[in-house]
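Residue numbers (numbering that gives the first Met the number 0), protein chains in the order written: chain A, 0 to 317; chain B, 0 to 435.
None of these hints come from the bench; they were simulated from the model. Hints are not guaranteed to be accurate.
Reference excerpt, derived from the structure (chain A facing chain B, CB under 10 Å, subset only) [stated by the list, open to error]:
#1 G46
#2 F57
#3 L59
#4 S60
#5 G81
#6 Q151
#7 T153
#8 P170
#9 P176
#10 S260
#11 F278
#12 V279
#13 W281
This structure is a prediction, so every number in the text was calculated from the model and none was measured. Where a beta carbon is used, it is the ideal one built from N, C-alpha and C, also for glycine.
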Amino acid sequence: MEADSRWLTPPEPNKPSLPRRERLPYLLLLPAVVLELLIHIIPMLAGVGISFLGLTEFYLSNWRAAPFAGTGNYAIALNLNGATGQALLHSFTVTIGYTLLVLSLSWTFGMTAAVLTQRPFRGRGLVRTVFLIPFALPVFASVITWNFMLQQDTGAVNRVLLALHLTRSPPFWLIGPNSFFSLVIVAVWRTWPFAFLILTAGLQSIPADLYEAAALDGAGILGQVRHVTLPLLRPVNRVLLLVLFLWTFNDFTTPFTLFGSAPPTQADIISIHIYENSFVSWNFGTGSAMSVLLLLFLLLVTGVYLAVVRTSGAERRA
Amino acid sequence: MRRTKLTTMAFVATLAAAPLAACSSSSSGGGSAAHTTLTYWASNQGTSLQDDQQVLAPQIAKFTRETGIKVNVQVIPWTTLLTQITAATVSGKGPDVLNIGNTWSPSLQVTGAFVQFTPSVMSQIGGSNRFLAGSLSATGESGKPPTAVPLYSLAYGLYYNKAQFAAAGISSPPGTWAELVADGKKLTKAGHWGLAIEGGQVPENVHLAFELSEQQGGSFFDATGKPTFDTPQNVAAVRQMIDFMQADKITNPADAQYSKGTEALTDFATGKTSMVIWQAASGSLAKLGMNAADIGVAPVPLPSPMPAGGKNITSMVAGINLAVFKDTKNLSAALKFVKFMTSTPEQESLNATYGSLPTVSAAYSDPAFNTPAVSTFRSILSTTAAPMPEVPQESNFETTVGTAIIHLYADAATGKTVTSAMIAQALSQAQQQLGG
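Start from the sequences and build out the full structure, keeping to the hints where you can.
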């Protein structure tokens, strides 16, 4: 029992132990820390461990017996002269393009809608609710509906295009080059309401007198957005863009529901690519190595992004 | 300081281990037959998952009446069956008894996920002599104890619409590919196509590629089990498949998206296309409302003249096998269920409903299997069918080559010209994914 109470002591030996009252927050945090370990850290470490194993179908039921592969899996994943490495690089570039498009479009739509619904008008609540519907629907249900609508022969999209005489032969939306844009449209449709929600909340904290002052100085709507809204939303945008980036980059459900386990090469998003390489080809070692590489990339992006916004924020304040 | 750290770690480790211990303790214990419930993963053999549930329900009820053992049937679609088996194998949590595509047998055999049917286990389900030798050959690598027994036997045939053939003035089904293309062109007109293809689906693509490659004298694996995907014969086989859509234009480009495993057959049943290459499907065609008098079935065509080294193969040895999961807690009940499903009356009833062929010889005395369609398939199975490559990498081969063909069909459908060089490159990339 004595040891149990002492382990909460901070590492500096000179400091006196915390008074009883100040231990309470740490105790309250304990369940969260344990769950975090169980749910996040341990599976992640297991994934890193598997990436060093030659875990193929031969060891599926007894994966502890899988041989140590060293960095072999990483060599395969990063060898750009090999088919696996080339395919991974292709998938990576597709995913980058997809993420940037979805991120910028979702943010633009969300921002526009948030600004337009900022001032009260009749029916504003209804409009806001309608905007949020795509985000509130279950992913599978809404994306499978898109899948039906985007079918080449029976889909609603092509029916409408043909009825309006916009096209003579119905295009394919789920295979070939168009599949990339189908995926972007569906992802933006799903993502922008979240940006809208967060930005709407952010706008509530901007005092109305700032707009009045700007208006008195002669700023129009665009001027107000540029000189009042955007600077004051900086902290919100900082987090929002990062979250949207990570979500979009890692999204599995949307592309998987839209295309199944064999997505078209033009829309070969990295999360499905890794899934294919582990579950479909039964090579969990290579799949895990790819996951670890993806994790490192996302850590790098996040770290650089946070460092950049922090220094630029500091400069502004100085 | 160190001691406190260790205490922390021990504490966390205890917490972390608690749920694991809880998991493992629940796995012990068995129970008598009366309280046993087996979980059975059935593959999709009928026109839909619900259809399978309805077909199986009375048979399962009969089994429960006879033995007191309850069976929880889950019908798994083909698109996810292999993935679910993989996940069950890794986690050790799966069904007691399950269906597998017989071509996966060698791959699943090496995972060690299934109970081995050693002679003593075989005798518990009535002995191996009851089964047809051809069906029993596709249950795993030769020389090793099989890890599955055959349940339904199937073969590919060319289904054609007799009424549409007659209306176009064609008197007999095509025997060569040149004839098939010529007939297909006669039958293709606005909104109607000659040949339906499930172009977005892995198994259908890879099975046809295998059959056409055999006819070209090709092979996807050499004698030592190494992949040889991008040989000229294999390229020619895949080229022939793509050209139905691209060059001959007897296949609807929309077929490139057909991936559910039922769409091409539905197009044929509803008269939108005149031909489809499919595994024994009379049961499904009847359920889809096709007039029985219009259904014709013939062996898949052959090239003429035969290329050098070409083999007279018109089908792979298709079928469904029954396996018992190694981690089952109800081994004896599971084996009773296997014995029941492979018993002569069940074989007669289930295969007659699905339009497949029994895997036990005794069942053929049933008059239900004396129809022209059944004798066509029996003769295909016994004379012109070859098993898919029996190597551990078989399931990888199916996935990589099948997926490559999906992408090639997609290219052809969306206006890209697919050349032999592109096919060779796609096959070579598929081969590299196998590390070969």
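Against the structure, test the hints numbered earlier, and report the numbers of the ones violated in rising order.
1
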